[in-house]
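Keeping their order, the protein sequence lines are chains A and B. Okay, so the first sequence: first residue is 8 according to my numbering, each after it adds one. Okay, so the second sequence: first residue is 1373 according to my numbering, each after it adds one.
Calculated directly from the structure, the hints in this document are not laboratory data. Possibly wrong hints are sitting among the right ones.
Said to hold, decoys possible - Here are the computed distance ranges between Cβ atoms for each label pair:
(1) A/A103 - B/E1621: 50 to 60 Å
(2) B/Q1614 - A/A103: 25 to 35 Å
(3) B/A1647 - A/D68: 18 to 28 Å
(4) A/P82 - B/D1635: 29 to 39 Å
(5) A/D68 - B/V1489: 31 to 41 Å
(6) A/P82 - B/A1748: 15 to 25 Å
(7) B/F1645 - A/D68: 27 to 37 Å
(8) A/P82 - B/K1613: 22 to 32 Å
(9) A/A103 - B/K1444: 46 to 56 Å
(10) A/D68 - B/A1748: 26 to 36 Å
To be verified - Here's a subset of chain B near chain A, in silico, CB distances under 8 Å, partners left out:
(11) Y1710
(12) K1717
(13) V1736
(14) F1738
(15) T1740
(16) V1754
(17) I1756
(18) N1769
(19) G1771
(20) G1772
(21) Q1782
(22) R1795
Don't be surprised by glycine CBs; every beta carbon is placed ideally from N, CA and C.
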Amino acid sequence: MRHALLAALTLLVLPNPTQAQAQAQAQAPAQAPAPLAAQACLGCHAAPSLIPAIAGRPAADLAAALTAFRANERPNTIMGRIARGYTEAEIAALAAHFASLSPGAAR
Amino acid sequence: MTPTLSRRGFLAAATIAATLAMPTIARAQNTTGGASARLVIVGGGFGGASAARFARIAYPWLDVTLIEPQPKFVTCPYGNLVLAGLRNLDDITHSYDGLKARGVKLVQDWVDGIDPVAKTLRLRGGTTIAYDRLILSPGIALRWGAIEGYTEAAAQTIPHGWIPGDGSQTTLLRRQLEAMEDGGVVGIAIPANPFRCPPGPYERISMIAHYLKHHKPKSKILALDAKDAFSKQGLFQDGWKQLYGDMIEWVPLSKDGKVTRVDVATRTLETEFGAKHKVAVANIIPPQSAAKIAIDAGLTDASGWVPVNPRTFESRAAPGIHVIGDANIGAPMPKSGYVANTTAKQAVASAAALLRGEAPPEPVYFNTCYSHVGEAYGISVVNIFRATDTAITEVPNAGGVSPRGDLPEQRRFEALYADAWYRSITQDAFA
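The shape of chain A in the complex, shown without the other chains:
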C-alpha cells in the first residue's frame, strides 16, 4: 500500500531533474523577484527529495495539479489543505513562475 501511494504521488508530476541540471542552475544569474505567493512553496519544494520538484514543469500541469488538489480530486496528504488557501490568479501566477525556471532551480 505504501509503495502504491508513493507511486501515485510520484506520478502526479514529471521525473525529477538531474543533478547536473541542478548544478548548472545553481550557477545561473539571479532572476527577477518571484511572486511572493510562489515563495511560500520553497519551504518544502526547494531541495531535491521525496517532495516533488516544481521548477521547470509546464505551467498548465502545475495549475491543473493545484486545481485538482483543491477539489480533492488527486490523492494527497497535505496539498489539498494548501491549495484551497490560494486564489485562481495566485495559482496561475505561481504556476507560470515555476514553469519559467530551469529544472532544479530553487527560487
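The hints should help you fit chain B onto chain A, whose structure is shown.
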C-alpha cells in the same frame, strides 16, 4: 523622533549623517550604476537568514549585511529528534558559508544598541554600522524568574532546550535522559500562549517517549501545562495512546497543570495549587518574550512582544526597522520557522519597495508545521494568512490539521515529508 520630518527627508538626513560618521564604510554600487542601499539584518535564524538570502537573490542592488554572534546556527526544528536519538547535533547545525558565497556580508558580533533616529547599530566589538533599512530577527528571550527558582543559572541543571544556542541545552537534556534509570519520571513544564513553536512541547513529549519506549520502557512522562488546549491536540493524543500506551500523562491548567515554582536541588516542580512533583529529569519551557535587543531598543509593548505593521513588519515604534520572526506580534500566525521564512521575504520586499518609494507588495503568508509523534508517524498543520496594514486574517476553508482516524499511510508519509521539509527550508534559508 521629529514627527514633522518626512520619511524621505529623514532618510536623506540620516544617510548623510551616517555617511559622515562612518567614512570608512564604502557605499556599494550596483551593476546599473545606481546607488545601492544598505539593508542590515540582525539575527541569523530562520527569519534573518531567509531575509539575507532572499535579498541577495531578488534584489541584487541591495548591500546586505547580516549580524549574528554565533558562528553556526543550531535549529529548533528537529532538536526533538536529537533528544530521541534519531538525529545528531551536527544534522541540525548550519553554517553561514552559503550566505557568504551569495555576497552577504557576515559580521559576527552582538548588537548592543540600536539608534533608530541616527539609523545606526552599536556592536559589542566597538564598531558602528549604519543602515538605510534594518531587519531585526532577534528571536526570543526566556523570562527568568517567571517560574520561581528558574534562573539562568538553574538552566545549567534543569535545561529549557528552547533556545538552541550552541546546542549545549539540547545536549544537556539528552545526557540526562540517557543517564536516567528505567522507571524514572520525566517532568516537562509547558507555558501559556504565546510562545515559540506551539506544537514543539508536544513533539518533545513524543520524541522523549520514543526514546523511553525503546530504552527505558518502565519510565513515565509527566507534562504539566499552563493551558487547557494545544496545537494538534487530538492528533497528538491519538498518537500517544497508539504508540506509547499510558506512558504520557498530560495535566492541563484546569487540573492544576501550571508550574509556578521549581526546586532545582531536588528537581521538584510545584504547581499553582501547591502540588509537588519530584521527577528524575526535568525540562522547563519557561514563559518568553521578544529578545533583549528588541526590549532595549524600546520596540516591545507591555506584552513583551513587538507590535508591527502586518503588511511590512515595520515596527510601530520605530520606522525603518522591520521586526520578523518569533519576536513580533503576528497572531493569529504561530511563532514558527516557516512563518519566519515567508514573512522574511515580505519584509525584504517591503523594505526594497519603500527604499524606492514604491508600495509594499500584497501579502500572503504561509505556514506548515510538521511534528513527529513517532519515528515514522508524522502530523501537520497548514495555515494561509492574508494581511492589511492593521490585521492578519487566516484564510477560511483552507489549511487545517491532518485528518484524524486510523490512517497509517498518511502518518508514514507525513513523517517522510517532515524530513524533506527540513532539508528544503534549511536550504531556502542557508544555502
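Hints violated by the structure (numbers, ascending)
The structure breaks hints 2, 3, 4, 5, 7, 9; every other hint is satisfied.
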